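Novice: All chains, full assembly: derive it from the sequences and hints.
Protein sequence lines, in the order shown, are assigned to chains A and B.
Quick note: the first sequence, position 102, residue 102 per the numbering used here, numbers continuous.
Quick note: the second sequence, position 197, residue 1197 per the numbering used here, numbers continuous.
It is worth saying that the hints were derived from the structure and are not from the lab.
Because the structure is a prediction, the values reported are computed rather than measured.
Hints are supplied without guarantee of correctness; some may be wrong.
[As the list claims (entries may be wrong)] The calculated lysine-lysine pairs, modelled on DSSO-like cross-linking and capped at a C-alpha distance of 30 Å, are: (1) A:Lys175 with A:Lys126; (2) A:Lys35 with A:Lys150; (3) A:Lys99 with A:Lys322; (4) B:Lys1008 with A:Lys175; (5) B:Lys1036 with A:Lys175; (6) B:Lys1008 with B:Lys1020; (7) B:Lys1020 with A:Lys322; (8) B:Lys1020 with B:Lys1007; (9) A:Lys150 with A:Lys99.
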Amino acid sequence: MTALAELDRMILLSRDHVAPTLSDEEICQQFQSLKVLCVSDPHSLSSHSGQTVVFTLVALLSRMGMQVGLNLPDTAVLLPQPPFLGSSLCEALLASGRKLVTEATVRSDSDFKADVIFVVGDFPGKPDAPCWYLTGSDWLGSVAMRGIAKPEPWSARLPVGAMVSAALAACEAFKFVMRSLPPRNPPDAVFFQPSFSSSWNFDRINVPLGELIDLGFVDFVSAGAISQAALFALSRFPGIEMSGRVFDDDITEASNLNRNMLTLASDLGQPKVLIASRRHGAGVHLQPIVERFPGRISDTRLAQRVVVGVDDIPSRWRVQEKASNWIAVGGTSHYNISSSVHTPGSPCSGCLHPVDDSGDGGRIPTVSFVSFWAGLAMTVRLLREALGEPYPPERQHLWLTPLRMDLSHAGMWIPVAPRRDCPAHCLASRSMF
Amino acid sequence: MTVMVEKKFAVDVVYNGVTKPIEVQPEEQVTALLHKAISSFGITQNAHLLSLYRQDGSLVPEAESVERAGLTPNEVLLLRPNAVKGGGGLLQLARSIVHKTFHILRECGRGECECIVYWIGPAHESLIDGLEHPVHLRSALGYQVDDGWLTTFWKALGASKRSIKAQIHTHPAEAFHSATDDEWPIVSQAGFISIVIPDFALGQPSLENAWVGRLHTNGEWQKLASMREALILA
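Specialist: See below:
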């Protein structure tokens, strides 16, 4: 197994914008040679939310093949952080080296010479490389370059803003590498300029303090990157109770390691449903169904809440036809994520994704933080649905391009328009005739 | 003195999160705006998959002018992937067209010969509103459309701004796409739909047992799981 195989989909994505004369090996090497230092302080790491920033960031960076250095005080891990294992923060993070992507190391050497530094909380020293501070609250995450913002201790209670902040930072590391590669078209440089300050807010909702949050019975259609990102995020939300099923007949391959957030390099050859059903928090109970949707079991009856992370568009239509209540659909296309929710009477996923884009039948360009955004957005929708505060219809669809989150249209909330030619023949589309 | 009225205005097109103003004329086609946007962002890969969307989630109709599409100055449009174009969308048709198709295929084929029908509609819409039964030679093993009829038909389609949306033909028994069917569709454009009806169309007038395929951009025919992936029966 080589780094080239593991990072294949990210290399493919970068090819949208790098000079075609570059070889895959050269692109891969550039990502693998980036050294990223993660820094934090005892106060920020004393909360589960603060720990979640660091675990998520290290996971997203490692899955891009980068070399991670740690400058962190060690502390006990407060809540499970799958797929990381270990009772102390540094032990768990260091042990993940070479386990997420085989040549992505995690080290705590004092002589680690960083190209990029990310700070959660305070950094008493003077950074000798481009440095971003990660800040946030329960539902909002931000990154800002040193000089633009001042360090703030991480004090949020809930971990969604933490994961937003980590995803924003991971993108800055990705763009750092892209800027070092010769471009295909010089004007494309605009997509990879650093964000001096950027943030994203999923908007606050009331979460009962210290109470269990019952998500009910939930079916996950696909155990791939987006579903794993959703489960990664769900597992970090305290007090979650959820049972359900996960459907997929796919086997873990090397090229999945760059984005499947619950998967380890040692999982190659394992059914994805086994990974998705085993590696999460204590309150999540998923039954693995090794079956592609629609199939013998999955075609019978779906749960009241269905999370769809499958690439195949006709499968989304079948889910829409079979599901009776609430469906969240997440997808990615190059640097873009699409996240939507469909309820009875509202324009369905067929209206939003009306045509089967069969593509080239195989290699889909992807990168860790883009898939992660898609899963995180679905998790937020599921939480809001369970807590009785779903987004309003004008936010039925989120189209988000997490490259330049400092720009006003990086994320757009939009309604879904019904289509007369809806392939799922939903109620909203039939009412147009 | 003649006063020139400036009608030109700009819309804001968003691609990959970056916004660029693109100037348009009211009488300009939306396709021209789309091409300008694609060019402005320097998009060279899979540009044919991109469409413009309004902030209400609706697709900006490419067959319209900017004015008829209702675009307004400084309106924000999202440039994002739509789907495989060139006929890749779902075709709408009335059930009566399916019944009429079966009637023609049975009458002409008489249970012993293959037969062919073309479904047609407005060139820039995914609507089937008519059918054509071409002049053709027929046998139990195949059919051959008359060249002269075809030339006249193409001219008529061009003049009326209509196009062939799908070809439907019969087989003696099993429905499948033969090598000849693969090689000689009436239209060789990606997204074109071909339907093969089994048993000389003597069964129920339904497409449930038909072979339905779409011509892919790589020139190969993709068998669809069901006719619902290509058609909407209203």
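Novice: It remains to establish, for every hint, whether it holds in the given structure.
Specialist: A quick look at each hint next to the structure:
This hinted pair checks out: A:Lys175 and A:Lys126 have alpha carbons roughly 23 Å apart, not beyond 30 Å. Our distance criterion of 30 Å between C-alpha atoms is met by A:Lys35 and A:Lys150, whose separation comes to about 23 Å. Simply put, A:Lys99 and A:Lys322 have alpha-carbon atoms about 38 Å apart, too far for the 30 Å limit, and the pair is violated. Distance check on the hinted pair: B:Lys1008 and A:Lys175 sit about 36 Å apart at the alpha-carbon level, beyond 30 Å; violated.
Note on B:Lys1036 and A:Lys175: the hinted pairing holds, with a Cα-Cα distance of about 27 Å set against a maximum of 30 Å. For the given pair, B:Lys1008 sits about 16 Å from B:Lys1020 by alpha-carbon distance, which is consistent with the 30 Å threshold. Of the pairs offered as hints, the one joining B:Lys1020 and A:Lys322 is violated, with about 41 Å between alpha carbons and a cut-off of 30 Å exceeded. For the proposed pair B:Lys1020 and B:Lys1007, the alpha carbon gap of about 19 Å is at most 30 Å, so the pair holds.
For the hint pairing A:Lys150 with A:Lys99, the CA-to-CA distance comes to about 34 Å; that exceeds 30 Å, so the pair is violated.
The earlier numbered hints that this structure contradicts are 3, 4, 7 and 9.
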